[in-house]
Every structure is written in structure tokens, then in C-alpha cells.
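Protein chains in written order, with numbering that gives the first Met the number 0: chain B, 0 to 346; chain Y, 0 to 346.
Hint data in this document are derived by calculation from the structure and do not stem from the laboratory. Where hints are given, some of them may not hold.
No copy is singled out in the list; a pair is fine if it fits within one copy or between any two copies.
Result set (BS3-like, lysine-lysine): computed pairs, CA atoms no more than 25 Å apart in a straight line [stated by the list, open to error]:
id: 1; residue 1: LYS153; residue 2: LYS49
id: 2; residue 1: LYS153; residue 2: LYS72
id: 3; residue 1: LYS320; residue 2: LYS105
id: 4; residue 1: LYS155; residue 2: LYS49
id: 5; residue 1: LYS188; residue 2: LYS271
There are 2 protein chains.
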Amino acid sequence: MSDSKKSLTLLSDLGEFGLIDRLTSDLPVYHKSTIKGVGDDAAVLDYGDKYLVMTTDMLMEGIHFNLVYTPLKHLGYKAAVVNFSDIFAMNARPRQLVISIAVSGKFSVEAMDEFYAGLRLACDQYHVDLVGGDTSTSLTGMAISITVLGEVSKDKVTYRSTAKENDLICVTGDLGAAFIGLQVLEREKNIFEGARGPQPKLEDYNYVLQRQIKPEARKEIIEFFETNNIVPNAMIDISDGLSSELLHICKQSDTGCTVYQHKIPIDEQTVKIAEEFNFEPTVVALTGGEDYELLFTLPLNYYDIVLAREDISIIGHITHKSEGCNLVTEDNTQVPLVAQGWNAYKQ
Amino acid sequence: MSDSKKSLTLLSDLGEFGLIDRLTSDLPVYHKSTIKGVGDDAAVLDYGDKYLVMTTDMLMEGIHFNLVYTPLKHLGYKAAVVNFSDIFAMNARPRQLVISIAVSGKFSVEAMDEFYAGLRLACDQYHVDLVGGDTSTSLTGMAISITVLGEVSKDKVTYRSTAKENDLICVTGDLGAAFIGLQVLEREKNIFEGARGPQPKLEDYNYVLQRQIKPEARKEIIEFFETNNIVPNAMIDISDGLSSELLHICKQSDTGCTVYQHKIPIDEQTVKIAEEFNFEPTVVALTGGEDYELLFTLPLNYYDIVLAREDISIIGHITHKSEGCNLVTEDNTQVPLVAQGWNAYKQ
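Input sequences plus hints: build the corresponding full structure.
Put into C-alpha cells, the structure is as follows:
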């Protein structure tokens with residue numbers, strides 16, 4: 000390329016979020032149907048009585064998945080579900096999906112059938128219509144890109160940027176298991192490669208493996224909001240780790256936050272296996288990624304109704320910006336939250 | 000994988016269209032907003048007073064583009080435009096775009112800026128809002144996936160499947176130049192790789208190179224339809240070659256067709272360079288691909304108004320299915336049209 004003699008900046012120096020900010024600054028808007036563009040879990044579009052939300056995600060072989068230990072059916076399922084999670088994070092329901100997929104010409108039709116079986120299963124489970132796509136060749140690894148459209152009442156769309164001071168900070172399910180599942184798969188991948196020798200008992204790892212290989216998106220939380228006429232002030236899905244997502248909400252909402260270490264939900268299998276790997280479970284929950292849980296903030300008056308749900312944890316509250324974003328540890332020390340989200344270019 | 004001992008079918012044996020048919024058969028539809036799914040240039044969705052159309056395309060390095068001779072700015076432009084072409088092929092206007100892109104961490108920020116400059120230029124030229132995306136790492140080549148939403152009045156949406164017997168078959172612009180441009184680039188790629196020695200005069204190839212490297216989509220044809228209150232009976236964009244697209248229209252419309260060799264529009268530079276390469280120009284126009292022209296069928300009463308336009312050629316007419324799909328050659332011989340469209344898995 001012509002610029003080879005200039006001093007260039009590597010993407011890995013800038014990081015994913017820095018890069019997105021740079022590439023998408025000052026984007027013009029030509030259509031009044033564009034309500035919200037880059038900067039949330041999904042774009043928000045006005046085409047009728049409701050808002051449409053649109054999100055897209057790309058999964059690359061060797062980066063986001065390893066075919067050595069990922070069954071293709073599970074991969075198809077997960078590729079869809081991670082997009083549904085982004086739609087739920089807008090308080091919307093997924094409706095239509097298009098998929099582009101590139102694989103080697105040496106791929107078998109039967110392997111493609113497996114992938115599509117998983118994709119179609121996810122669409123069936125979440126009631127989403129598969130309406131189009133593109134299939135293509137790859138010279139090297141497999142590439143998958145999915146775009147999903149969803150729908151939400153105009154008065155219920157939920158952004159990252161509208162958390163309010165004193166809001167409860169809530170998180171669904173438990174955190175860190177998907178990351179720990181990935182560590183187990185990486186450690187044991189020789190089994191999947193057909194090596195002989197002592198085989199580990201994978202049943203002891205069932206929960207964390209399932210969280211990594213067949214994640215679900217939190218449809219039932221959106222239904223709970225609807226049934227109880229709750230609209231969160233802010234919401235995001237946890238794909239890069241709790242810490243990174245909390246900082247997104249606070250930065251975009253111009254607030255601070257305080258969360259409590261002992262309130263962060265971590266499954267006991269996650270804790271046990273994290274310790275096997277000499278990981279601090281809280282750090283795993285804060286930075287692990289791929290949990291696809293929902294993180295949202297609610298006015299205080301919802302305290303009782305949320306407390307009654309076993310699948311939602313109240314982990315802290317939104318503060319004034321001047322207080323910063325902090326974690327209160329179990330020994331009652333306050334430490335600043337740091338963005339340790341996944342830097343895609345530092346692999 | 001577990002199926003390694005069974006007899007498997009390679010994707011290259013089935014071809015892209017066979018594969019799509021297999022993977023997308025019997026798809027359930029859960030939402031009444033889904034009007035048309037897989038099987039046209041774009042899906043058609045009902046969310047308001049107008050229809051939305053949604054299309055997606057994936058471009059893989061080494062398959063769809065070669066960075067040796069493709070400037071990144073042009074690549075960004077082309078990646079958007081090929082999707083706009085699919086939107087126009089539904090008689091719709093593009094409105095919003097999301098992009099997923101995966102590149103090596105060793106890619107420079109400045110290279111990414113170049114790509115985005117081209118993407119943003121295309122969005123500006125065609126008045127499309129860039130509303131979201133995903134940036135990610137690739138272990139090997141670059142992968143680009145773009146999804147575009149467009150809008151069309153419900154009474155004007157145009158499918159592939161509704162051509163009528165006796166319709167005029169029309170094509171915009173001229174055909175085969177993009178394919179010939181690619182041949183020139185492939186032949187001369189040593190220049191771009193920095194080889195010394197006699198340099199070809201690329202100015203003699205300007206038109207075909209521009210058609211390959213910076214294609215445009217036929218926005219003005221959709222405006223012409225609107226101004227003149229014309230709704231084509233059927234339409235498709237020419238990405239895989241005239242022959243393949245005509246067969247799509249006839250198969251899906253359950254008709255035949257007759258087209259005339261001497262009516263197929265081919266630029267004189269294309270003819271000249273095709274002969275340099277010992278290609279028959281008509282074969283190039285029929286099978287070349289990447290022209291991004293529109294192919295449409297119209298009732299006979301539009302004959303005069305279409306004839307008056309220099310950028311539209313009437314190349315034949317739709318017939319009864321029993322007559323088959325035929326090309327009448329310059330010596331007045333009738334030969335069946337054959338699908339020689341690009342088989343993505345036979346590279």
C-alpha cells in the first residue's frame with residue numbers, strides 16, 4: 000500500500016472502542032427514520048408505530064470460536080443468540096435475521112447442515128424469522144455475520160445513556176462462567192483433537208461448558224419487564240465483562256456508580272473451577288466476557304419486585320459522576336473499576 | 000469432527016444456489032411482518048406504511064477482492080454499493096447500513112481510515128445512514144459483511160418472480176466490463192506488487208478498471224421509474240452475469256425468454272480488451288458478473304419510453320415456459336441459455 004513508508008498506528012494500539020469512536024465520528028444522518036445510530040447495542044429506527052432496532056455481529060474462526068471443540072450446531076445456535084441478546088438489551092424483541100457465512104469449498108454440505116440446524120433451532124426457540132443471507136467461500140477460516148431486526152414500543156426502548164443517579168444496578172443470572180468454560184475447553188482441547196491418555200471428567204464442568212458453548216439470551220427478563228410495566232432507565236448486555244459494560248453505561252449516562260463485590264452473582268461451579276486455574280472469581284466476573292446477561296438500572300421503587308426474583312441481583316447503584324466508578328470489595332475497600340474488556344486487536 | 004468417516008458431499012459439488020435451496024427449505028414464519036424471506040435480492044418486511052427491504056452481502060479477501068490491486072477506499076465504496084444495488088433491484092431506496100469488518104491486528108489505523116472513507120463516500124453519494132457495526136480481528140484475511148435496509152411503497156415493490164409473458168426484457172448500461180477489468184488487474188498485478196520492467200499503459204483500460212474497482216448502483220433508473228410511474232413486472236440486479244440472472248427470473252416466474260445477441264449492450268472498450276484475451280465478448284456479457292446493472296421486465300406499452308433512454312437496452316422478451324430460455328445469435332441460430340453464473344465454491 001502507498002502509505003507503507005509513513006509511521007502507522009496499529010489497531011492493537013487503539014483498541015476496538017477507540018477505533019469505533021474514530022471511524023464513526025461525525026456521521027451524517029440523511030433520514031428522519033434514523034433515531035439512534037452507532038453507540039448502543041443496536042441502532043434504533045422509526046418506520047411505523049413501533050421502533051425497529053438493528054444489530055450485527057461477526058464471528059471469526061480462531062478468534063471467536065475454535066472448531067476443534069465447538070460443534071457446528073452449537074456454533075449456529077450461539078451465533079444467533081448473541082445477536083438476540085443485543086436486541087433484548089434495547090428492551091426489544093427479535094423478529095427477523097439475515098446471515099452471511101463464508102467457508103472453505105472443502106467444507107462438507109453435511110457440516111453446513113449442522114450449522115444451519117443450530118441456527119434454525121435458535122430461531123425457533125426465540126421465534127425469529129430467518130429471511131435472507133449470503134453464502135460464500137473463504138480461503139482460510141470460517142466467517143459468520145448475522146444481522147437481526149427487532150421491535151419495541153417507542154416508549155419502552157432502553158438505551159445505555161439514560162441511567163439516573165440513585166438507580167439500582169441490576170444484573171441477571173451469574174457471571175464469569177462462559178470465560179471459565181472457555182479455559183476448560185482450551186486446557187482439554189487435546190481430547191477433542193483425539194489424543195490418547197487419561198480423559199478428564201467433563202461432567203464436573205457441565206455448567207461452565209454449557210455457558211460457553213450454548214449460551215442463552217435473557218428473553219424472560221424482557222417479558223418480566225413487560226408484565227410488570229417496568230422500563231429500565233438504562234440497559235446493556237454483558238458480552239465484554241461486567242466492568243467494561245458498567246463503564247459504558249456510566250460514561251454514556253454521565254454518571255458514576257458503586258458496585259459491591261459480595262453482591263456480584265457467581266455460580267459455585269465457576270468459583271471452584273476459577274480457583275483450579277488460580278483466577279480470582281470476582282476478576283473473572285468483572286472481565287470475563289461472553290456471559291450474555293443483561294445489566295440494567297432501575298428507579299429505587301422497583302427494589303421489592305426485583306428482589307423477589309432469583310434470576311436478578313442488585314449489585315449497587317448509580318452515583319453522581321464526581322464519585323467515579325467504583326467497586327467496594329469484601330473488606331470494604333473502594334477500588335476504581337477498570338475497563339479490562341476484551342481488546343479484539345490484542346489477541 | 001464426528002462425521003469424518005461418513006461419505007460427505009463437498010459444497011463445491013452442490014454450488015451456491017443448490018446449497019441455499021437446501022439450507023433454507025421449509026423455513027417457518029413466525030411474524031406477519033415477514034412478507035418475503037429468502038429467494039430475492041432482499042427480504043421484504045411490513046413495519047409501517049411502506050415495505051422495508053433488507054439485504055446482506057459478505058466480501059472475503061482473496062475471493063472477492065485482492066488487496067494487491069484494490070485500494071482500500073475503493074473497497075469500502077464497492078462493499079456498500081453492491082448492497083445498494085440489491086436494494087434498487089427491489090425498486091426500493093437504501094436508507095440505513097450496518098457493517099461488520101474483521102482485519103488482522105497488524106492492520107494500521109490509517110488503512111482502516113481509508114476503507115471507512117470509501118464506505119462513507121458511498122453512503123454520502125447514495126444518501127444512506129451508517130448506523131452500526133462490529134469490528135473484529137481476523138487471523139488471516141479481511142472479511143467484510145454489510146447489511147442494508149431500504150424502503151419502498153407497498154404497490155411498487157418488485158420481485159424476481161412476477162415476469163409476465165410478452166414482457167420486454169430490459170437491461171441498464173453495458174455488460175462484461177467489470178469481468179474484463181478484473182482480467183486486466185490479474186494480468187498486471189506484478190506492477191502493483193512493485194515489479195520493475197515495462198509498464199502497461201493502464202489509461203487504455205480506464206473504463207473496464209473503473210467498472211471493476213469502483214462500480215455504481217443504478218439509482219437513476221429507480222428515479223426514472225418513479226418519475227414515469229413505471230413499476231417493472233420483475234427485476235434483479237446483475238451480479239453473477241446476465242445469463243444466470245435471466246434464468247433466475249424465468250425459473251421463479253415460471254416463464255421462458257428469448258434474448259438477442261446483437262441487442263446485448265457491450266462497451267467497445269470491453270469488446271476490444273475481451274478480444275485481446277481471446278474471450279468472446281457475448282460470453283463475457285452473459286457470464287462475467289459484477290456489473291451491478293439492473294435487469295427488468297416491463298409490459299409492452301412502455302416500449303417507446305424505454306427506447307428513448309440511452310442507458311436502457313431492450314434485449315428480448317418473456318415467453319411461455321414451454322419455449323425455454325434462449326439466445327438468438329447474430330447468425331439467427333437459437334441456443335439455450337445456460338447458467339454459467341459464478342459458483343462460489345469452485346474457485
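Q. Between copies, within a copy, both or neither: which fits LYS155 and LYS49 at Cα up to 25 Å?
A. both (10 Å within a copy, 23 Å between copies)
Q: Using 25 Å as the alpha carbon limit, work out where LYS320 and LYS105 are close: within a copy, between copies, both or neither.
A: For LYS320 and LYS105, neither the intra-copy (55 Å) nor the inter-copy (36 Å) Cα distance is at most 25 Å.
Q: At 25 Å max between alpha carbons, let me know whether LYS153 reaches LYS49 within a copy, between copies, both or neither.
A: Answer is both; intra-copy 5 Å and inter-copy 18 Å each pass.
Q: Check LYS188 against LYS271 for me: Cα-Cα at most 25 Å, and say if that holds within a copy, between copies, both or neither.
A: Only inside one copy: LYS188 and LYS271 sit 20 Å apart there, 57 Å across copies, limit 25 Å.
Q. Taking 25 Å as the upper bound on the Cα-Cα distance, should LYS153 and LYS72 be classified as within, between, both, or neither?
A. For LYS153 and LYS72, neither the intra-copy (35 Å) nor the inter-copy (37 Å) Cα distance is at most 25 Å.
Of the numbered hints stated above, those contradicted by the structure are hints 2, 3, listed in ascending order.
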